[in-house]
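Q: Since each chain sits alone in its own frame, please combine them into the complex, following the hints.
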Amino acid sequence: MNETIFSVCNVTFSYGRHRVLHDINLEVKKGEVVGIIGPNGAGKSTLLKLLAGYLIPDEGSITFLGRDLKDYDKRELARHMATLPQTLDTPFSYNVEEFIIMGRYPHFHKRFLYGDEEKRFVVEIMETMNMSTLLGRQLQTLSEGERQKVYLAQCIAQDPGVLLLDEPVSHLDIKHQMHTLEILENLHNEGLTILMVLHDLNLTSEFCSRVVLISNGSVYADGEPQTTLTFQNIEGVYDTVVIVKENPLSKKPYIIPVSKKYLKKQ
Amino acid sequence: MPRTVIAFLVGGSLGICGVTLQSILRNPLAEPYTLGISGGASLGVTLSTVLGMQNYLGMYGNPLMGFIGAMFSVFIVYVLSRRKLFDPNSMVLFGIVVSLVFSSFVFFLFSILDPDRMQITLMWLMGDLSSLDISLVYAYIPMFLLPAFILFLFVKELDILTLGSEKAQYLGVDPPRMYKVLFLLTSILTGLCVSASGIIGFVGLIVPHVLRNIIGANHTLLLISSYIGGAFFLIMSDVFSRYLLYPVELPVGVVTGILGGFILLFLVVRKT
Numbered sequence: 222m223n224e225t226i227f228s229v230c231n232v233t234f235s236y237g238r239h240r241v242l243h244d245i246n247l248e249v250k251k252g253e254v255v256g257i258i259g260p261n262g263a264g265k266s267t268l269l270k271l272l273a274g275y276l277i278p279d280e281g282s283i284t285f286l287g288r289d290l291k292d293y294d295k296r297e298l299a300r301h302m303a304t305l306p307q308t309l310d311t312p313f314s315y316n317v318e319e320f321i322i323m324g325r326y327p328h329f330h331k332r333f334l335y336g337d338e339e340k341r342f343v344v345e346i347m348e349t350m351n352m353s354t355l356l357g358r359q360l361q362t363l364s365e366g367e368r369q370k371v372y373l374a375q376c377i378a379q380d381p382g383v384l385l386l387d388e389p390v391s392h393l394d395i396k397h398q399m400h401t402l403e404i405l406e407n408l409h410n411e412g413l414t415i416l417m418v419l420h421d422l423n424l425t426s427e428f429c430s431r432v433v434l435i436s437n438g439s440v441y442a443d444g445e446p447q448t449t450l451t452f453q454n455i456e457g458v459y460d461t462v463v464i465v466k467e468n469p470l471s472k473k474p475y476i477i478p479v480s481k482k483y484l485k486k487q
Numbered sequence: 006m007p008r009t010v011i012a013f014l015v016g017g018s019l020g021i022c023g024v025t026l027q028s029i030l031r032n033p034l035a036e037p038y039t040l041g042i043s044g045g046a047s048l049g050v051t052l053s054t055v056l057g058m059q060n061y062l063g064m065y066g067n068p069l070m071g072f073i074g075a076m077f078s079v080f081i082v083y084v085l086s087r088r089k090l091f092d093p094n095s096m097v098l099f100g101i102v103v104s105l106v107f108s109s110f111v112f113f114l115f116s117i118l119d120p121d122r123m124q125i126t127l128m129w130l131m132g133d134l135s136s137l138d139i140s141l142v143y144a145y146i147p148m149f150l151l152p153a154f155i156l157f158l159f160v161k162e163l164d165i166l167t168l169g170s171e172k173a174q175y176l177g178v179d180p181p182r183m184y185k186v187l188f189l190l191t192s193i194l195t196g197l198c199v200s201a202s203g204i205i206g207f208v209g210l211i212v213p214h215v216l217r218n219i220i221g222a223n224h225t226l227l228l229i230s231s232y233i234g235g236a237f238f239l240i241m242s243d244v245f246s247r248y249l250l251y252p253v254e255l256p257v258g259v260v261t262g263i264l265g266g267f268i269l270l271f272l273v274v275r276k277t
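Residue numbers (the numbering used here), protein chains in the order written: chain A, 222 to 487; chain B, 6 to 277.
Only chain B is shown next, with the shape it has when bound in the complex (with noise of 0.2 Å):
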């Protein structure tokens, strides 16, 4: 049960930070890794078994590692951005870019070091909800629910911003401070997401592609539906991932990948 209470919070938040960022960047294809949380996360998180912070910590290490690093990854591409008044632009560029350097790293510590040490690791950058302890479930629900409650109220200034931030400041809604709310608002989610349960991909980018296609682009509904979507996404793969080869389990990152990868050619396929 605690499980499925974080696999609904994460799918959740995941579909949300995914439009949020889709409209933003005005790009189907963005999701909420592309503003660079995820190299930051993997670093911090790498670095937490590298220097042993289970033995400090236990099962509070990897979580709190992780959004150290999703936090301080957000940090760097605040502070490169704020000179471009938050240019969605520049912001892309800015992620890209931080995400590189940490995966580096990342991939640095690895080829170094005893494989076996960095097996858990490696489950949990492919996006794990298997290792969580369940202590920390019942802090993470109202983590989880505020940011995306104050993103909820930003559902108009969404659709304007789809326009582009000229048009957005024409029509009344200040664009670089915006921008810089729904930034900081998506990080926050997304990096207590890679806390809890590592890098799951795919869930942020095909679940609002999905949505877009069936309801349209109105974020009033866009929001809610993306949210309930994402984390019966996230439900179903983790079903999935527990019973497909039992007794073995996959992480749910790969399950996701592969569901919704197929998804995503169905669909494009079916459109051209």
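The shape of chain A in the complex, shown without the other chains (with noise of 0.2 Å):
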């Protein structure tokens, strides 16, 4: 059960001169669900994009599944890992069905159209989603609720062991925001290992098992969201007053931040 995901060793990350990441350190072990949390600018994504092998970092080294990423051949990897970037859009217009069965590519070797197989398994996949009204719908006309669902069938018919996906539900709806999260919480009972950046801190709190603090390019805190959401580490990290309560249904901590008006008065 304990299997190691990634292993992160000093990772040093930086865009030209201007270094984003420093001296991170991290193991992911199969299984959990990790939410990357941090303020704007803190290097989140970038976190990401290097976990996606999307970038490689200036010094340290990222192990996946034992091996360095950076050996992996790019169709290999999308096979074990499948990443949702912040944006994703197309000039084009594409139907639902021919969107996700885009995820069936580094499974599929044959050149020209996709099998019967690879069409059954969009339509299992949109079923368990939820979704099957959406098909033969046009990308472009799904609401924006809707084509992040697509987005996330897409990553899903990858049938990956890993996901790694940047602020799934920031344009959502409550509504969307939980029937996602729902989904990625059914994936995590069917053994997917889950790393999120994510923007609510109470949502973060609520759907992931271990949160990662970001601020100013290293690790802050590291653990259970009860250790790491604290009043302290927030006020440190977000230059912002909160309260923190706990949740009574789910006994998580749960976050309120305080508006300067109120300071003065008490």
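Treat the hints as calculated values from the structure; they're not laboratory data. Glycine is no exception: its CB is placed at the ideal position from the N, C-alpha and C atoms. There's no promise every hint is true.
Unchecked claim - If you want the footprint, here are the derived chain B segments under chain A, 3+ residues with CB under 8 Å:
#1 30 to 36
#2 169 to 181
#3 220 to 226
A: Okay, structure coming up:
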């Protein structure tokens, strides 16, 4: 069960002269749901791109399933790991099935059309994600929430062991946020390891088994929500006064930001 | 008949090159000449006239020099792009610069030379199916079909590349390698097109544009239909160019330009 997925060792990364991440050490085990949080510009997305193999560390190393990430062929990596970047768009109009089936690419070696088996796989995914009504629709005609689910379905079509997501719920209303995160929870129950960059501290607290708090390019805190999402940590990193309560149902931390006008009164 | 064969091959090739470049550059307004080929080819043919290559090479002079010119500009764009890992945006920039510099040379040569001598070159620059020697047509058939067939092998990669290089890599495609392969294939095809018939505009822009609206973005269907559509469009334009002002023959590029322009305008106006 406790197989190591990622082993990040002293990783440093810069865009040109601007150093974004330094001395990152992180070990991710199979079956974890890791929420990566931190202020804008702290380096969260960069960390995810490093883990996804899109960026290469300047110093240090990242080991994925026991092998250096750099040694993976792109197609081989895509069979183990699916990544959803923060923004995804195309100027051309695909229908939902055509879009999701692209996720079968790393598994499918014939040159032209995808086979019946691949098509059945896509229909199954859409059924389990409760989105069969979208079948045959053009991607551009969907709402933001529906589109985000299609993007996620494409990742799931890769049949990966590890899922990396950059702000998967940021533009969604609470219904779609909860639905998306519940889908991820089901995937986790099937054995998937999930790492995601999130902005909403309360959703992070509810859905992640582990929280990695990034500040100024390094890991500020790392552990269970109860130990990482303390008001001292949050105030230290975000420079914002908060009250941390306990969610009465889940017993997880619940964070309430405090507006400055109330601080003056007390 | 041989003229129709060439119109078929050139029209089809421009169609699929247009699709491919639009998809890898993720821009529905890209076309086969976006990466600078037309400038190099024009310079090649103009030089061929200036140096009197026709005297040594006969009817082979213009096609050969056109192709060499095209490959020369491709080579420059290739060398510059390699350092940028074939990043599409950089390739467009290099293509525009190379095309501009070469075109300026062409205008320079035109400005200092005898206009009568440049008449044929000017016809060629506007796209011309009338001056190709028949003996060349049979040699062109396999040369056109082979790269087109290889391009058809990459339909799934093309679908994925329209999502951008970052997402393409996450889906298992190696974007720099793919961009390089597709750039070279489209360059060879476009180079052959300009060598056979000059710079025929709008086919590679309008045909993919119309077909994307009709059959969608899926490249398996899109590439095949763009080949057929491009071929059909150019054959029709060629017929027009021959009989519209009979017995005067227009350069076919003028016809595709006017027809294509109106179709594009119509599509854009209808959309908004």
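Q: Of the hints given before, which are not true for this structure?
A: Checked against the structure, no hint fails, so every one of them is satisfied.
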